[in-house]
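Enquirer: Given these sequences and hints, build the entire structure.
2 protein chains.
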Amino acid sequence: MIRYYNHNGDFKLESGDVATRLTIAYHTYGTLNADASNVVWVCHAFTASSDVADWWKGAVEEGSLLDPTKYFIVCANCLGSCYGTEIYDASVEIPFLTMRDLGQVHSLLADHLGLKKIHKLIGGSTGGMQAMEWAYAEPWRFDHLYLLATVPYTSAWVQASSEAQRMAISGAKEPQKGLEAARAISMLQFRGEDPYNLTQDDSTTDKLKDFKVCSYQRYQGEKFERRFKVSNYLSLLGSLDNHNIGRGRGGVAKALSDINVPTTVVSISSDIIFPPRDVRVLADNIPNAQYFEIDSVWGHDGFLLEMKQLTAIIHNK
Amino acid sequence: MIRYYNHNGDFKLESGDVATRLTIAYHTYGTLNADASNVVWVCHAFTASSDVADWWKGAVEEGSLLDPTKYFIVCANCLGSCYGTEIYDASVEIPFLTMRDLGQVHSLLADHLGLKKIHKLIGGSTGGMQAMEWAYAEPWRFDHLYLLATVPYTSAWVQASSEAQRMAISGAKEPQKGLEAARAISMLQFRGEDPYNLTQDDSTTDKLKDFKVCSYQRYQGEKFERRFKVSNYLSLLGSLDNHNIGRGRGGVAKALSDINVPTTVVSISSDIIFPPRDVRVLADNIPNAQYFEIDSVWGHDGFLLEMKQLTAIIHNK
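Just so you know, the protein sequences line up as chains A and B, in that order. Quick note: the first sequence uses this note's numbering, first residue 1, plus one each step. Quick note: the second sequence uses this note's numbering, first residue 318, plus one each step.
It should be emphasised that the hints constitute simulated quantities derived from the structure, not laboratory data. Computed from a prediction, not measured in an experiment: that's the story for all the values here. Treat the hints loosely; a few may be bogus.
[Unchecked claim] Beta-carbon label-pair distances, calculated as ranges:
id, chain 1, residue 1, chain 2, residue 2, range
1, B, Lys-526, A, Asp-206, 44 to 54 Å
2, A, Ser-257, B, Ser-487, 47 to 57 Å
3, B, Met-624, A, Asp-10, 56 to 66 Å
4, A, Gly-114, B, Tyr-536, 49 to 59 Å
5, B, Arg-544, A, Arg-21, 43 to 53 Å
[To be verified] Derived lysine-lysine pairs resembling DSSO-like cross-links, with alpha carbons at most 30 Å apart:
id, chain 1, residue 1, chain 2, residue 2
6, B, Lys-374, B, Lys-529
7, B, Lys-529, A, Lys-177
8, A, Lys-117, A, Lys-70
9, B, Lys-571, B, Lys-329
10, A, Lys-70, A, Lys-308
11, A, Lys-254, B, Lys-529
12, B, Lys-571, A, Lys-209
13, A, Lys-207, A, Lys-223
14, A, Lys-207, B, Lys-571
15, A, Lys-117, A, Lys-254
16, B, Lys-529, A, Lys-207
17, B, Lys-546, A, Lys-177
18, B, Lys-494, A, Lys-177
19, A, Lys-12, B, Lys-529
[Stated by the list, open to error] Stretch by stretch, here's where chain B covers chain A in the computed footprint (C-beta under 8 Å, at least three residues):
id, segment
20, 155 to 161
21, 180 to 194
22, 198 to 205
23, 246 to 256
Just so it is clear, CB atoms sit at the ideal spot from N, CA and C, and this is done for glycine as well.
Expert: Below, the structure written as structure tokens:
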């Protein structure tokens, strides 16, 4: 069940803007134990929602990664999204956000819920960016940090995709409909080469046009356009682009060396948006970190799909 | 100097359409020798022109790859392009083309120029696709074939990018302006990860927005929109998507095994649109082929930039 917390106080953004009010949408699963030592906090990726059981298939089940019979699991809809978490700032239509702002929202909700200690903080993709920002800001709060298929800063190549998406949206007859092309563009990197070639290959047919990947791209675009709002998407794209754990903190290596939380870092072998060589930089610089690479053909989505390998890694830590 | 050949006869396309007239624009450099044994034919890539000396910097020079003091060099603007080669078919605004149609145009021009034998046929990228189609159709014409940074068929991942580009164009307020986003999208693959990260990195700055890669993407989009025509671009995209040397010929391996021309295949280590593992399939299946991989950080563009390594390979063959 979705719940809401209305934070009635100023919320200062990294940009200097101040929001006057904030609503945070969240889900919980399982029960908090007596000494509040069983909290697992999940930061969701990009355009997902607070309903982990919905988007992370098989994760919220007895014996699985997020076992609700053992853990009290919390997931908040990230700031910038259109699934319930909302910022109120009359001065701008599209709030300018950073991953640090997104991280701060989780902290506010944890305080509201009275959760001083969090046993496991888990974030994949842009969820991992929020998690590392939160862990940097409040290392005392966490027993263990899990960073999955995520990177210390967003590369120029990924920023280039975001800009192509903004160009498609701003040039569109209707910006909202521009989300269709934007989604098709973003999938080139986050789904990636191998998954497309494995599932959408037409090279053994005699087709000259109407390849199955064409309808796949359009279908994914239309599906996304129906479920997301263009102004929110632009906010999220901006926060992805400016993700940089090292900004104003003496650089990436220095900032990571200050994350004083035992950390497990996991990459996916076929991930091209956040490739293993970039993910590995996290483990190379966080002092108490271990690194694992999951062998998977599913690209970036592997962190959602390789449940067995991921559960084995996280349960052993 | 650009020249034109007007072919006044039917030109049958693979789709079954018949064009009633065809103009072929081309450049030549150097002088044909007495026994016509010094012909080097270059098939240009995607949106380039017949002016090789303009787009292949340093190639058309004494001592270089295309030495005009030794060779008679010919380059025709490919069918579908907007640089002089034109098809006349009143029935359609955007002709539906395949790489086989593009290959056939070179054959018509060679016949017109009286060039029965071609010493070297060189094609990079989609130029290589045309070259392999031409060599398949008329193997007797060539002493040697050079396939650079090209593949036997277009992958689903590359088709997915084309579809995202078509979505950006068809959704644009003005289709012609949609070329800007299309170019920005296409560069994600053909420029590729490493070149973006090497030249457009902002991760050591404290910027929150306006990353240099953003203006780079917009600049490249605008520059392209000024020089290319959207209807031609859509034709070329279609021919890229349906490139498949094996179509109707018993599959890729069988078709390649029928290319009875000594062949040199070259890939670029950091090329992600036509990665070495895909390029290599050409050399693995063409009976008399040698394979080289050029070590380069410049992605797909490496075949245009790594002149020294490429010249060494081609001069030795």
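Enquirer: What hint numbers does the structure not satisfy?
Expert: 16
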